[in-house]
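Chemist: Chain by chain, the residues:
2 protein chains.
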Amino acid sequence: MKLASLSHGRDGMLVVVSRDLTRAVTVRDIAPTLQAALDDWDRAAPQLRAMAEALESGGLPEAFALDPARLAAPLPRAYQWADGSAYVNHVELVRRARGAELPESFWTDPLMYQGGSDTFLGPRAPIALEDEAWGLDFEAELAVITDDVPMGVSPEGAAAHIRLLLLVNDVSLRNLIPGELAKGFGFFQSKPSTAFSPVAVTPDELGGAWREGKVHLPLRSYLNGVPFGRPEAGEDMTFSFPRLVAHAARTRPLGAGTIVGSGTVSNRQDTAHGSAIRDGGVGYSCIAELRMIETINSGGPETPFMGFGDRIRIEMVDESGHSIFGAIDQTVTPYQPPR
Amino acid sequence: MKLASLSHGRDGMLVVVSRDLTRAVTVRDIAPTLQAALDDWDRAAPQLRAMAEALESGGLPEAFALDPARLAAPLPRAYQWADGSAYVNHVELVRRARGAELPESFWTDPLMYQGGSDTFLGPRAPIALEDEAWGLDFEAELAVITDDVPMGVSPEGAAAHIRLLLLVNDVSLRNLIPGELAKGFGFFQSKPSTAFSPVAVTPDELGGAWREGKVHLPLRSYLNGVPFGRPEAGEDMTFSFPRLVAHAARTRPLGAGTIVGSGTVSNRQDTAHGSAIRDGGVGYSCIAELRMIETINSGGPETPFMGFGDRIRIEMVDESGHSIFGAIDQTVTPYQPPR
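In the order they appear, the protein sequences are chains L and H. Position 104 of the first sequence, counting from 1, maps to 104 under full-length UniProt numbering, and the rest follow consecutively. Position 16 of the second sequence, counting from 1, maps to 16 under full-length UniProt numbering, and the rest follow consecutively.
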């Protein structure tokens, strides 16, 4: 089934969405919000699934046409957003451009950062930016949402706690990252509010593309309407989602509604670190990677980060060309802080 | 007024607590949970305050005796926990023991990490630990809870968004920190679930001790019943709470119920980096600082981190000796992960 949240109050109003993303139905009697459904998943999920089947068969006269512009993030705010870096190619590339070695342990011990989860952006929300000099970049990722996960769970045990999948735009302020990471405590100001796809889907919606805890489909990014990346999310993912969830739960339990991200999807391809779509490759899921390749190839970056008016679209389609999660489609807009 | 959450479901049941912490009253008609009150603070706060006044005057027959063992954290789970390091002495000490210089910018640019906020511990909850070799330490801190804070707010503007204060035990796994920070993305596994004091209080409850965005009272820690620290929280706090909130909100808005911590309270004292209570000083708010002093003085640490059965009590009393927030009082217990 596919679930979404209409923009409504702080936590949205949960709706079940048709497989083709055109229709939806409210499910107030089952759960008012997605968080409420996740808090009580064993009870809520079968009822939501029955609604999804009724919606699919056309048996719900109260169903309405779904307008993606009316959607908040599936979880408009969450209790945890933990983002991994499962595509080690991305990490290696970023480091190589600045002349830093990749520690061998990065291939066996997942890199993960704790993200802010109190103010998420909906799939069509503008990205409000105060200063273009901060170097705004998108990062196209996949993520899972869990129910309650016990502390110290094994990767095998963690797999059963993955309830939903969705797409992420892990908005990053590239020019704030070096200074912030140099302080040693990880990202904070360099990671503003994160955006999510219109719907979150249960793993069965992915059919055979969901296997070994990975999603075996390309993740497509379009910058200002031009194809920018279509790497295979199932390839070069060094750490599966169950492995990432187990990493997050190593020393503490995870609360229901925890979102665990894959990190920027990135393929090594046949070259050292991939090629742009314009050069015949699968391209990239963030501008920084292309800038790294440009730096490696010609001594400096050529492609600018996103400025006011720039637009990013992130989507994943199935083998028949149908959108699975709907599209993240955001435009950068100027922000004036209060005095 | 003083607010707490009875252990009840995932988000607790909000109660107003008497100033002397002995009695409480439920306030379901005003707000079922503290998060609900913070989501609608301008409406809820005056009504909660009226209840607090009625409770104080003995006019509420439904009031009941408060048992701290029945309390969850004031926010049992939150949408954001952002912990600063406002006491730069603590940071300098930790770095000096490992031979690292303190960058000059640390005196002007706050250090802050994003903490996990999905599974907080109540004031009497045991600290479940799988492996004593991880080096469990307490960190005694103060924190504020905000309502909605706009992105880019000034420190002056941020002050008005501080609605509540409380005490924190920022539980840390010291022996996991070096490896994790070396990876560059900050803390994750080295910061298990954080614990909070029984009650959160509005700033006016601190009277004259709340000024310039700091709390001018000693923060008292007792390890296995022995006084371990009583540093003055108002001294050596390089960054005030409004400054920390503004730092957190620099590139994104903060959602209502955001918790912003001070970092480990630490006084420089007349010595280079403070003295233990047994040596006539004000002591420390974590074991690591004492171990650093021991290392600086004699080449190696002597005081062990916390093991199974060890107990930490954290409390702040007013000038008349009355507990303001109630006490955090936790014991370390063994944890067996699921197979």
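It cannot be assumed that every hint is accurate.
Because identical chains cannot be distinguished in the list, a pair is counted as satisfied if it fits within a single copy or across any two copies.
To be verified - In silico SDA-like links for lysine to any residue, alpha-carbon gap of 20 Å or less:
#1 Lys183 x Val226
#2 Lys183 x Glu104
#3 Lys183 x Arg250
#4 Lys183 x Ala100
#5 Lys183 x Arg95
#6 Lys183 x Arg339
#7 Lys183 x Asp148
#8 Lys183 x Glu132
#9 Lys183 x Trp134
#10 Lys183 x Thr238
#11 Lys183 x Arg70
#12 Lys183 x Glu205
#13 Lys183 x His8
#14 Lys183 x Trp107
#15 Lys183 x Ser320
#16 Lys183 x Val27
If you're looking for bench data, these hints aren't it; they were derived computationally from the structure.
Chemist: Honestly, which of those hints from before does the structure not fit?
Modeler: Hints 1, 6, 7, 8, 11, 12, 13, 15 and 16 are the ones this structure does not satisfy, whereas the remaining hints hold.
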